[in-house]
Structures are given as C-alpha cells and as structure tokens.
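*Asks:* Residues per chain, in single letters:
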Amino acid sequence: MSFVSTIRVIKFAFQNFVRNSWMTVATVSVLVLTLVSLNMLVAMNVLGKVALSAVRSKIDVSVHFRPDVDDNRVQTVKIFLLSLPEVKDVTYLSQADALTQFNQTYHADAGIIEALGEVGQNPFGATLIISAHNLEDYPKIMAALDDPLYADVIEAKDFDDRQAMIARVEAVSKKLELFALAVSAAFGFIALLIVLNTIRVSIFARKEEIAIMRLVGASSGFIRMPFYVEAVLWSVVALAVCAMIVLPAFMFSQPYLSDFFGTDSVDLLGFYAANAALIVGAEFGATLLMSCITTKMATAKYLKV
Amino acid sequence: MIRFKNVSKTYPPDVIGLQNVNVHIRPGEFVSIVGQSGTGKTTFAKMLIAEERPSKGQIVVGGWDISAIKPSEVPLLRRQIGVVFQDFKLLPRKTVYENVAFALEVCGASAKKITSVVPQALKIVGLTGKADRYPRQMSGGEQQRVVIARSLIHRPKIIVADEPTGNLDSLNTREIIDLLKKINEFGTTVVLVTHNRDVVNELRRRVITIDRGMIVSDQEEGRYLL
Chain W
0 MSFVSTIRVI KFAFQNFVRN SWMTVATVSV LVLTLVSLNM LVAMNVLGKV
50 ALSAVRSKID VSVHFRPDVD DNRVQTVKIF LLSLPEVKDV TYLSQADALT
100 QFNQTYHADA GIIEALGEVG QNPFGATLII SAHNLEDYPK IMAALDDPLY
150 ADVIEAKDFD DRQAMIARVE AVSKKLELFA LAVSAAFGFI ALLIVLNTIR
200 VSIFARKEEI AIMRLVGASS GFIRMPFYVE AVLWSVVALA VCAMIVLPAF
250 MFSQPYLSDF FGTDSVDLLG FYAANAALIV GAEFGATLLM SCITTKMATA
300 KYLKV
Chain X
0 MIRFKNVSKT YPPDVIGLQN VNVHIRPGEF VSIVGQSGTG KTTFAKMLIA
50 EERPSKGQIV VGGWDISAIK PSEVPLLRRQ IGVVFQDFKL LPRKTVYENV
100 AFALEVCGAS AKKITSVVPQ ALKIVGLTGK ADRYPRQMSG GEQQRVVIAR
150 SLIHRPKIIV ADEPTGNLDS LNTREIIDLL KKINEFGTTV VLVTHNRDVV
200 NELRRRVITI DRGMIVSDQE EGRYLL
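These protein sequences, in sequence, are chains W and X. Read left to right, the first sequence gives residues 0 to 304 (numbering that gives the first Met the number 0). Read left to right, the second sequence gives residues 0 to 225 (numbering that gives the first Met the number 0).
Be a bit skeptical, because a hint or two may be false.
If you want a taste of the chain X side facing chain W, the calculated C-beta under 8 angstroms gives, among others [claimed, not checked]:
# : residue
1 : V82
2 : L90
3 : F101
4 : V105
5 : G107
From the structure, some residues in chain W lie toward chain X, with a derived Cβ separation under 8 angstroms [what the hints assert, rightly or not]:
#  : residue
6  : S1
7  : V3
8  : R7
9  : M212
10 : L214
11 : A217
Here are some chain X residues the structure puts well away from chain W; computed CB gaps all over 10 angstroms [as the list claims (entries may be wrong)]:
#  : residue
12 : T9
13 : R25
14 : R52
15 : I68
16 : K88
17 : S109
18 : G125
19 : S138
20 : H153
21 : K156
22 : E220
Hints were generated in silico from the structure; no laboratory data involved. These numbers were taken from a predicted model, which means no experiment stands behind them. Every residue gets a Cβ at the ideal spot worked out from N, C-alpha and C, and that includes glycine.
Let's have the full structure, built from the sequences with the hints guiding it.
*Replies:* Below, the structure written as structure tokens:
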C-alpha cells in the first residue's frame, strides 16, 4: 500500500473513531475494564508475594525448656543450634524474661494472672527463639533437636501453627489470583463480543461508502485496513485510560497497604516503574491481538469485498 | 472490447439469470441492453464488473478473461470500467467535488492528480459551478451527472449504465442520455441497460434484447421490440 493510501486509511479510521463516538466509548470502556482487572491481577500477585514475605520474615520457632533445666544446658543447646548452617539467629529468653513476657501478654486477663499467682513460683522454663535462613530449614532444625541429648530437656516446640498460617496465606493468595483471572477472562470475553458488534455496526453504518469503494475499484486491503487501524486506536486509548485509573489508585492506596502489611516493601508503583516495558507491552499486545482477531472475524463475516 | 462466449448464470437452486449468451461489443460502440424486469439485464451488467461470476462460459473484457478473475484483480478491472446505477450511490455527507474525488482517493491517487482530474470530469458533465453542493441540494438529473463524472474519473474505456434514467423525469432522462452519447463520441464504449422504450427508440444505436435470460434479438440500429 502506498504512502498516500496509508495516510488515507489512517484518516478514514480516525473519522470512524470520531463519528461512531458512542460505539467507541462502549468499546473502549469494556477494554478498559478488562485491562483494569488484568492490572488488579498483577497487583494481587505482587501483594500476595509481599504478604508471604512479611509472614515468612516473622516466622521463628520457640523452643521451651523445662523449668528445672539450668541455664548452662540451655546455653549448650544454643551453641549447638548456632553451629547449624540453617540457623540464622538464636535469641535466649531466660525464665524471668518468659514470666515478664507472659505477664505483659495477659495483664488484662485477671483470671490467668490470678492462676499464675496460685502457682506461687515461676512455672516457665527458658526459651530459645530460632530464626532460620529459609522456611524450608525449620523441619531439619526441629529434627536436630529431636536428638535424645536435647529432647529430654525440651518441654515444647511451636512450629506447626506457623506452617498452617503460611499455608493459609498461600491459599488465600492463590484464590484471589484465580478470582482476578476469572474476572479478567470474563471481561475479555465481553470485550470480544462488544468489539465484534462495534465493527458490525460500523460496517453497517458505512455500507454505502463501502459499496461505492468497491464499485470504483478500491482494493480489499484499503477497505478493510481502516477497521484494523480503528482497533489499534481503541487499544491505545484503552491503555491510556487504564493507566489514568490504575496509577493514581495505586498511589492512593500505597500508604494504606504499607500500614496493612506493616512493611515498607509494598511498592506497587515501584514495581510498575521497574517492569513498565514488560507490563505495558504485554497489556497493549494482548489488547491489540484481541481487537485485531475480532476485527478479522467481523470483517470476514460482515464485510464482503 | 467485450465478448461473452456461451455465458450462462444460474442462481441456486435453479433460477436462470442468463442462458447461453454470445455477444461481441466492439470498441466505441453504444449498445442498449433491453428487456423486461427480471430477464437478466442487470445480471449481464454485473458480470461485466465481476460483481457476478458466470456459471458457464467465458467473458473477455479488453483481452482480459474475467470469467475466473482473482478477487485481488477485481479492483483493477473496476478502475477500467465506469459504472452508473439507477440509485445514484452518492455519499450524502460529501459535496459533489468530494464525491467525485472519493473515487480517486480510495484508489491511492495523489492529491495533485485529484485536483487536476476532478474539475475536468465536472466540466464534462456540466457541473463546474456546483462542485460545493451536497447531493440533497441537487435534482435527480444533476445527481446522476455527478455519478457519471465519478464513473469517468479513471478515464475508463467502458461505461456500464444500469437503468441510469430509472428515477428521472423525461427532461432529465434526455440530458443524461445526451451526456452518455457525448462520452461515447469521445471513444468510450457505452453499455446502457434500460427498459425505457423511448430512450432506445430515439438513440438509433445497437440494441440487444434479452428475454428469460436469452438473447432474442441483436440489431445494429434497433428498436425496443418487447
């Protein structure tokens, strides 16, 4: 196609874009909804990872010793633990510290504090709080503590509850992602139908013009191309509108998300800035591909040239 | 220039459009194709511009066998044949000038060519002073003249006019036929499809009569027979 024809194709596409303004608004709106839901999917993915990382960073294992075990034994266990390559840190909590911590935790519950008073002496043993380099290392550390040398002095280990918590966060995160994916797919399907209908209406509205084009010898490509260019225009405008919705929304929600997760690592805007080319490219590519496939279907079905 | 060899057209399931038609139209001829409604006149015209394909036989236009023309070649054929229809087919939101220029625009002509050729075409049809008017501001005869100007824009060797006077009064009919005669005098072959008895009888040119898809008469200086 010559340069002059290309310019005219673009001109005709712009004319259609403006003249069928209501159809354009409907088409762009549904494409924007699809893109926004896709961005929600991306955001949920990022937030899910942040949530998991926040939970993981807070995970440790507490090893409670029997009250009659003396500090030297506890320190021996601590040294043993620190010698393990999987262990990042071990914090020692003495019997007195354990009692203080308990009192602080349950100071509002008079019944518990009273019951503790009834005991008459400190019922808590010392505690070692272990942090591992990786979550997967905890079972190995626990297994090391099952050695009879140490097992006899240990009263309890609390790790299983945290594992359940991680599993729950992962499950919720996956369910949310699945939900967002389903919403995106639904909007995508609706967008497909709307685009199809818009082109059908556009072809119908330009029936006379197309008939004249055919009569006077316009090529099939020249007649079809404006519909494709229009699809490109829809994609560009939808992407721009989506950016105008999503970016301010992320900017607004940033402090609330940081508060909620209790970490400063929630940086959706930063994530988008770092992956801008990939995200914009993928979303534009997907929208364009969808619009063009639908245009191809619509012109093949309704545009006989 | 135009040759139909044993051309038949059957529409599903078994409606006959044309039946074993053999015609040879020489360059520069003015030929009227006449017949009652539904006899195959329009099918004949549509086949000339590859709007319809023959079920059987061969159609040759200017040495080009268009019986099995490729879809990509159809636009090239249509740039060589001007077409005029009864229902004008003008774009209401474009001026006379824009309607005529549109035929060049969509075929990729340069702006320079458009500004040079369009006024010439409007001059031939006598609409120079009305280039800025819209179709709704013009009479039926004037609108048909715009269509003729548009059909001339590619300087075709052949003009196919399918009932060009069907929507016109007698005065406008005469003007349009005179215009077609003038174009024919420049050397363009004119194929006029009509069922207007007076037009055919006044023309005193070649008349091909079609009845029930078959050519029943072909006279060099003919009259409307049916």
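*Asks:* So, for every hint listed, does it hold in this structure?
*Replies:* Evaluation of the provided hints:
1. V82: Status holds, d = 5 angstroms.
2. L90: 6 angstroms, holds
3. F101: 7 angstroms, holds
4. V105: 4 angstroms, holds
5. G107: 4 angstroms, holds
6. S1: Since chain X brings a Cβ to about 5 angstroms from W:S1, closer than 8 angstroms, the hint holds.
7. V3: 6 angstroms, holds
8. R7: 6 angstroms, holds
9. M212: 5 angstroms, holds
10. L214: 5 angstroms, holds
11. A217: 4 angstroms, holds
12. T9: 20 angstroms, holds
13. R25: Non-interface label stands for X:R25: nearest chain W Cβ at 24 angstroms, farther than 10 angstroms.
14. R52: For X:R52, whose nearest Cβ neighbour in chain W is about 14 angstroms away, the distance exceeds 10 angstroms, so it holds.
15. I68: 13 angstroms, holds
16. K88: 5 angstroms, violated
17. S109: 6 angstroms, violated
18. G125: 21 angstroms, holds
19. S138: 20 angstroms, holds
20. H153: Incorrect as stated: the minimum Cβ-Cβ distance to chain W is 7 angstroms, not above 10 angstroms.
21. K156: Holds, because the least Cβ-Cβ distance between X:K156 and chain W comes to about 14 angstroms, which exceeds 10 angstroms.
22. E220: 31 angstroms, holds
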